[in-house]
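Modelling step: build the complete structure from the supplied sequences, incorporating the hints.
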Amino acid sequence: MPRRLRLASWRGALALCLVLAGAQQLAAAGLIQAKAWLAPLLIERAWQRTASAADQIRPWPWADTWPVARLRVPARRLSRLVLAGATGNALAFGPGHARASAPPGSAGLVVIAAHRDTHFAFLREVGPGERIELELPGGALRRYRVESTRVVDSRREALPVRGERDALLLVTCFPFGALRAGGPLRYVVSARPEDPPRTLAGPPAAPAPR
Amino acid sequence: MLASRACYLLARDLRDTGSIRLWLLLRGLSMLVLASLLLLLCSVVPARAAQPEHLGQADLNTLQSGQLLLQDAPGGTYAAALLQASKVHVDISGMIATVALEQSFSNDSQRWFEGVYAFPLPEGAAVRTMEMVVGERRIIGKIREKTQAQEIYRQAKQAGKKASLVEQQRPNLFTNRVANIAPGERITVRLEYVQPVTYVAGEFSLRLPTTITPRYMPGAPLAPGSEEEQPAALSVNPYLGWAVPTDQVPDADAISPPLHPRHGAEQSPLNPIAITARLDMGMPLARVASAYHDIAMERRAGVYTLRLAGGVSEMDRDFVLNWRPVTGAAPVAALFGEQVGDEHFGLLLVVPPAPERAPPAMPRKLIFVVDTSGSMGGVSIAQARESVASALQQLRPEDRFNVIQFNSTHHTLFPAPVAATPGNVQRALAFVRQLDASGGTEMLGALRAALAPPGAADPVAQQAPLTQVVFITDGAVGNEAALFREIASRLGENRLFTVGIGSAPNSWFMRKAAQFGRGSYTHIGEVNEVDAKMTGLFARLARPAAVNLTVDWPVPVETWPERLPDLYHGEPLVVAVNFGSAPPAGEVVVRAELGGQHWSTRLQVAGGADPATRAQHDGVASLWARYKIAGLLDQLTSGRSEASVREAVLAVALQHQLLSPYTSFIAVEQTVVRPASEDLARTALANTAPRGQAPQTFAYPATATTGPAKVWCGLLLLFVGLLAHLLRQSEPCETERATAPAPR
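Residue numbers (our numbering), protein chains in the order written: chain E, 1 to 210; chain U, 1001 to 1744.
If you only want the chain E side, here are some residues facing chain U, beta carbon under 10 Å, derived:
#1 Ser-9
#2 Arg-11
#3 Ala-15
#4 Leu-18
#5 Leu-20
#6 Ala-23
#7 Gln-33
#8 Ala-86
#9 Ala-113
#10 Arg-165
#11 Cys-173
#12 Gly-177
#13 Val-188
Calculated Cβ distances over 10 Å to all of chain U for the following chain E residues:
#14 Asp-64
#15 Ala-107
#16 Leu-136
What the hints contain is simulated information worked out from the structure, not anything from laboratory work.
Where a beta carbon is used, it is the ideal one built from N, C-alpha and C, also for glycine.
Right, here's the structure in full:
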């Protein structure tokens, strides 16, 4: 039998294998993105039913996380529901609130983290001066303004959750667009509150009469 | 179309080969291998592709942590430019251990480096000599006042001379900084210290810590808004720790060395340590054992020599050596002496006897305080849970108890202490079982709750049983002094017993908290020790302590500690004494009250003016000075001004050439080695994470998906696959021609 024929069909099968493997990889990547953008539809429904911080309404019965706040960047028309816990199980579906930090809406340091390739991909464009809003269960609103951005090495620095600093930290992986997951660098956007925590009861706080 | 064609080709090829098995062997196998090879290639390619971007985005000259990027090996794995290795030789003779510690720093990079290494030492260590070894040259370190030493070091560093500065940050936490380590060079710093051997309940023990559990720093960060890491600019010699100074822990950056992000391995340690020891007790021993390391041992003429069985070990847990004299040979009283210049020093050891008959069991009140902060994560919280469970099961029905757990806040199980009925104990056991470790270590609140005076609602308040607080923690906090003050001021008639948990607990905190709490301390390093240690602790809680101790000396002397502690069952009295210029002679009388009875013992001091007849015990003088420094520093908690304490400590430390909070060792080589054209990079050397500890909750979360890598890999595979297909497509006519003539 001519060798050339064998070689040719052999190549064909190889090409098929490669195409299949490639498709599998792309499908896996697609699944990550699909989870990231479809889950918020369910989370949104849970959020509608969340009236207070103690509610803990799970978006689907077997979920181990629940929405705790809504993060908005008005200038970019962005809105993300923040889930409880900044571990992998929550971050697959949305930004997560680090439990070690202050609860959203309180006067402490609130830390929210999300994946750089899904929910926090927009962080690379966020610069100082931009306004970020945090909507709490019940409709109360807390406004922050971005103060600075910086890169930290997570092997050397801990989350600055101690102390009484009143601020919002948005954390994601750095560098953006890198292929490898699990790198040591983090991109941190820190924002300061515009209004003191007292006034977060009503959306536009009326100045107190003197 | 593609699929049908592939099927057709596959079928034809199968027919050509003959048997399906043969085909699988010939084609299937080779194809599988090729495919897996390609996949492997794909998973490597992205890693290398990521690197240039990584270096390109951060400007090395402006980024504060510039040197760190250099430490990033291609692919992002951590490879430090400076490596540390330790070597320890312990010489134990009687109650005193002399330890020689060598720390080598080797520079594997192409740059000049300054390294900062924070390391632990036993809390009672009197560090008395230091030298820096560069190749064949030895430079003897000198003791200097702290700021003066820092200035000498700074000048040497800037001038390009090799220098080493060893400072005390806590009695059990030190920093060593070495300047101008040339590319490819190794610098060794040798320290020698003396420490007393612990002798409790008939067993001797020696503990050498090797790593530092990351401490929680309470308080608000200093210089608000300075998140961009100001200390580097503020201080001339930054410590490069991960923590930001806070109002409660102003030196947080000095006591927070970075940790290696992954756990160490015994075979290829991140921070290797070699330990050898010589044990000469001058008495027959029944048992010599190391609790957490495998050791190889040899005995010759009653002297034991031992070393680590594997040669080196990872620095991720305390090294503990225990030994026990044969029954009947246990020492009851001894006085070790040393003459330095014309001064005579002594170390007195007296073990009070066990009370003759067991006293009637008194009802008692026990409060268990459990640390559930993030640093307890992993094996530590399991040990803590087991400890409380073991203790709860040893309670008697007439006892009253409560359980407090704390991390960022504290939570008390029962509003007031309750009787240890089976129901209450079950409830407490269920509460303890679900304890989990996360959050900060806000100890003050929990201590206040535990030491609060009994309220009026307490029905047995008039009987007022002694409240015994059992405090179970790893002591990983930065504000130890504030906690000691709190304990001392609130103690009242309560007693505080500490239980140190984990692979690398803060032993200084355990010992001092127990001292101020007038209790005792226990260490638990593994779950299987819990039952034995808790039973030992309960034996101590149950028996009466020796109180109101006094020692009568034949001559006027200066002794430390100032106030003699209460002694629990099995604990010895240890007093360091300075006899002055007269050689000691006469009789020492020790008196105490033991379970309502008077007890005394007499000890003849082997006098005689002839120094040749007196045994000299090396290290006694250094230990006396160390006890004095510790005693003087304790006076800070009782309100003595820092300035006067500092002056007194300085005098002792300078006279005895000891490391202290106010004195440091500095060694400088006189020749300038670093050319002015070369920059000096600096880095902190990472400690190994304590064995079994879970990642910290205050670590940054992982925030990248594998999505981009998958997309990249998928696209590459598709591209190569289609390319192969296209190459095939361009050949069919050739194939046709080759097959066509076959039938002819």
